[in-house]
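Whenever a hint applies, use it, and build me the whole structure from the sequences.
So you can see what is in the structure, the chains are spelled out below.
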Amino acid sequence: MIIFLSFFSESFYSILFWGLIIGIIYSLLALGLNIIFGVMKVVNFAHGEIMIMGAYITYFISTLLNIDPFFLIPISMIIVGLLGMGIEKVFFRPIKGTSKLNEIFVSIALILIIQNSLAQTILEVNKEVKPVLMTTIFSGSSIELGSLLLPLNYLVILLVTSIFLIIFYVIIMKTSFGRRLRATSQNRNAANLMGINVGRMDMISFGIGAALAALAGSFFGIINSFDVYSGTLPAIKAFAIIILGGLGSIPGAIIGGLVLGLTENITDATLGGAWRDAIAFLILSIVLIIRPSGIFGKE
Amino acid sequence: MMNKIFGKIQIAVIAVLILIPLLFPDAYYLQIFSLILVFAIYSMSWNILTYSGQVSLGHAAFLGIGAYSSVLLAKNIGLPPLLTIFIGPIFAAVIGLALGIIVLRLREWFLAMVTFGFSLIVQAIIVDDRLRFLTDGWNGIFAKPLVGYISNYQFMNYYIMATITIGVYLITLIIYNSKLGYAFKAIDENETLAKISGINTTLYKIIAFMISTYLAGLAGALYVHGITLFISPEIFNVQNSFWPLIFTLAGGLKTPEGPILGAFVIWIAWIQLSSFAGYLALLAIGFFLAIIIIFAPKGLIDLLTRITNRILGRQI
Numbered sequence: 000m001i002i003f004l005s006f007f008s009e010s011f012y013s014i015l016f017w018g019l020i021i022g023i024i025y026s027l028l029a030l031g032l033n034i035i036f037g038v039m040k041v042v043n044f045a046h047g048e049i050m051i052m053g054a055y056i057t058y059f060i061s062t063l064l065n066i067d068p069f070f071l072i073p074i075s076m077i078i079v080g081l082l083g084m085g086i087e088k089v090f091f092r093p094i095k096g097t098s099k100l101n102e103i104f105v106s107i108a109l110i111l112i113i114q115n116s117l118a119q120t121i122l123e124v125n126k127e128v129k130p131v132l133m134t135t136i137f138s139g140s141s142i143e144l145g146s147l148l149l150p151l152n153y154l155v156i157l158l159v160t161s162i163f164l165i166i167f168y169v170i171i172m173k174t175s176f177g178r179r180l181r182a183t184s185q186n187r188n189a190a191n192l193m194g195i196n197v198g199r200m201d202m203i204s205f206g207i208g209a210a211l212a213a214l215a216g217s218f219f220g221i222i223n224s225f226d227v228y229s230g231t232l233p234a235i236k237a238f239a240i241i242i243l244g245g246l247g248s249i250p251g252a253i254i255g256g257l258v259l260g261l262t263e264n265i266t267d268a269t270l271g272g273a274w275r276d277a278i279a280f281l282i283l284s285i286v287l288i289i290r291p292s293g294i295f296g297k298e
Numbered sequence: 000m001m002n003k004i005f006g007k008i009q010i011a012v013i014a015v016l017i018l019i020p021l022l023f024p025d026a027y028y029l030q031i032f033s034l035i036l037v038f039a040i041y042s043m044s045w046n047i048l049t050y051s052g053q054v055s056l057g058h059a060a061f062l063g064i065g066a067y068s069s070v071l072l073a074k075n076i077g078l079p080p081l082l083t084i085f086i087g088p089i090f091a092a093v094i095g096l097a098l099g100i101i102v103l104r105l106r107e108w109f110l111a112m113v114t115f116g117f118s119l120i121v122q123a124i125i126v127d128d129r130l131r132f133l134t135d136g137w138n139g140i141f142a143k144p145l146v147g148y149i150s151n152y153q154f155m156n157y158y159i160m161a162t163i164t165i166g167v168y169l170i171t172l173i174i175y176n177s178k179l180g181y182a183f184k185a186i187d188e189n190e191t192l193a194k195i196s197g198i199n200t201t202l203y204k205i206i207a208f209m210i211s212t213y214l215a216g217l218a219g220a221l222y223v224h225g226i227t228l229f230i231s232p233e234i235f236n237v238q239n240s241f242w243p244l245i246f247t248l249a250g251g252l253k254t255p256e257g258p259i260l261g262a263f264v265i266w267i268a269w270i271q272l273s274s275f276a277g278y279l280a281l282l283a284i285g286f287f288l289a290i291i292i293i294f295a296p297k298g299l300i301d302l303l304t305r306i307t308n309r310i311l312g313r314q315i
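Chain order of the listed sequences is A and B.
Positions 0 to 298 (numbering that gives the first Met the number 0) are the ones given, in order, by the first sequence.
Positions 0 to 315 (numbering that gives the first Met the number 0) are the ones given, in order, by the second sequence.
Hints are computed from structural coordinates only; laboratory data are not their basis.
From the three backbone atoms N, C-alpha and C, an ideal C-beta is built for every residue, glycine too.
To give a feel for the contact side, a few chain B residues facing chain A, derived at Cβ under 8 Å: (1) Val54; (2) Ile101; (3) Glu107; (4) Ala111; (5) Phe115; (6) Gly116; (7) Leu119; (8) Ile120; (9) Ala123; (10) Val126; (11) Gly277; (12) Leu279; (13) Ile284; (14) Leu288.
Right, here's the structure in full:
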């Protein structure tokens with residue numbers, strides 16, 4: 000009853016707001032994973048490491064050139080997108096069509112490779128490996144809404160994400176490229192027969208997924224301090240989201256991400272911090288026990 | 000059956016495990032080899048589950064449950080650690096039984112996800128305030144040493160680990176050459192076909208889960224009583240769930256010797272490299288793993304047998 004009553008207090012709204020911001024990061028990760036899955040039918044467990052790579056690229060350029068991280072996000076997205084295409088070609092293309100377990104295995108090799116190459120780079124540049132936080136021009140300032148403090152950074156993140164999602168929607172739904180991508184996602188063989196280069200689509204979809212991860216990572220580095228190991232959990236949670244929201248479903252990924260962000264923050268406030276990371280998998284396990292192929296999966 | 004089990008490779012593996020302390024009588028090296036053996040047992044446990052066509056990305060859950068049960072039994076009831084390392088894992092097997100039943104219908108990624116999440120769920124339960132009186136939350140608890148503080152205790156320690164490693168290795172060999180192993184293999188290759196051939200796939204999948212989780216718990220108990228002498232919820236970390244996979248893949252997936260060979264090669268390479276290369280050591284291991292997965296999916300053991308056969312001029 001006490002917990003229930005406190006839901007209407009001011010702190011409840013602040014829990015909701017913070018949950019929404021974390022939810023955006025999950026949504027972007029899940030969206031990227033889902034595009035890769037839709038086109039390639041491959042799961043990349045190393046998505047979180049790609050996200051952290053994006054965060055570090057934004058961080059390094061911004062400290063090196065003294066430019067605000069927000070302006071560097073597109074550059075980071077392009078670099079990571081290109082790297083993503085390379086990763087697809089080197090690591091995922093050779094194992095395509097073999098056992099599905101190989102995707103998990105190669106992802107874990109990739110996790111080791113990305114984490115340690117990042118750590119080594121940081122060691123060379125910074126002389127020590129410790130968590131870092133990006134500061135922007137908006138850091139420290141916030142807007143007061145009643146007794147609720149809304150950090151300006153978070154509002155900018157909300158705005159930038161909305162703009163990106165609209166651009167993304169237009170590209171996927173209205174352009175001829177988007178049509179080709181959706182066609183490959185719906186039926187690979189038919190798309191191939193229609194003259195679409197599905198191999199190139201694989202590479203591009205992986206690039207887009209990686210670029211979205213870089214966007215998520217840059218935001219992650221603005222709201223949290225991060226190190227090379229902070230990406231693994233968010234990405235695997237993002238995979239839980241796309242199982243729940245429907246493999247290949249874009250609205251499912253976005254809504255699922257936001258819902259998870261809110262759920263985690265409410266869980267943290269009621270059950271305690273350790274359950275924060277466990278709750279996504281608890282929900283996932285319960286759903287999969289009832290429906291082994293996911294909510295929207297075919298039996 | 001005995002002839003089938005004891006080929007040249009098997010005798011070589013056992014001989015190497017027994018002879019190591021005579022070749023490296025240094026206490027420091029013995030500690031490292033004991034640690035490697037713990038991870039070899041852990042990897043063998045993971046490998047048995049994979050042999051039955053199921054994959055776990057959350058085996059750290061059972062490593063931790065076995066370890067916690069053993070430490071708590073030794074601490075609160077006063078049983079000797081040499082006994083609790085075998086009793087503790089029973090809890091891991093019981094929980095493995097429950098999870099095995101729950102995930103029966105799940106495959107591939109879905110199974111990987113649920114098992115991955117399970118280790119986080121167990122961690123959340125262990126650090127929960129209501130269990131603080133037992134586990135002391137994130138602070139962790141001290142574990143009694145496996146052998147008391149006698150001189151040359153590293154020797155004793157190593158031979159206890161080696162005996163158990165050989166035991167687990169023999170169990171794996173017996174499973175592989177028995178009806179149980181054939182059933183596992185049939186399920187792995189085609190579950191529907193296995194079912195049609197009259198194999199009770201449900202029963203065998205659960206048996207695989209129980210054997211695997213018992214052995215993972217045993218590895219956990221050995222790890223805390225024999226190596227760290229301390230246990231904290233850090234044992235449920237993601238890395239601990241990934242290690243058996245890395246070792247087994249490197250050595251040879253679904254082969255009995257693979258996990259042992261992989262644990263030795265990767266650990267020794269890591270220790271040798273990390274002294275001068277820092278993070279580059281794990282980076283190299285990552286690349287090595289990717290190369291194995293892409294170009295030599297049968298692992299090092301397969302390469303090794305092929306090379307020895309080539310040298311000896313034998314046809315396979």
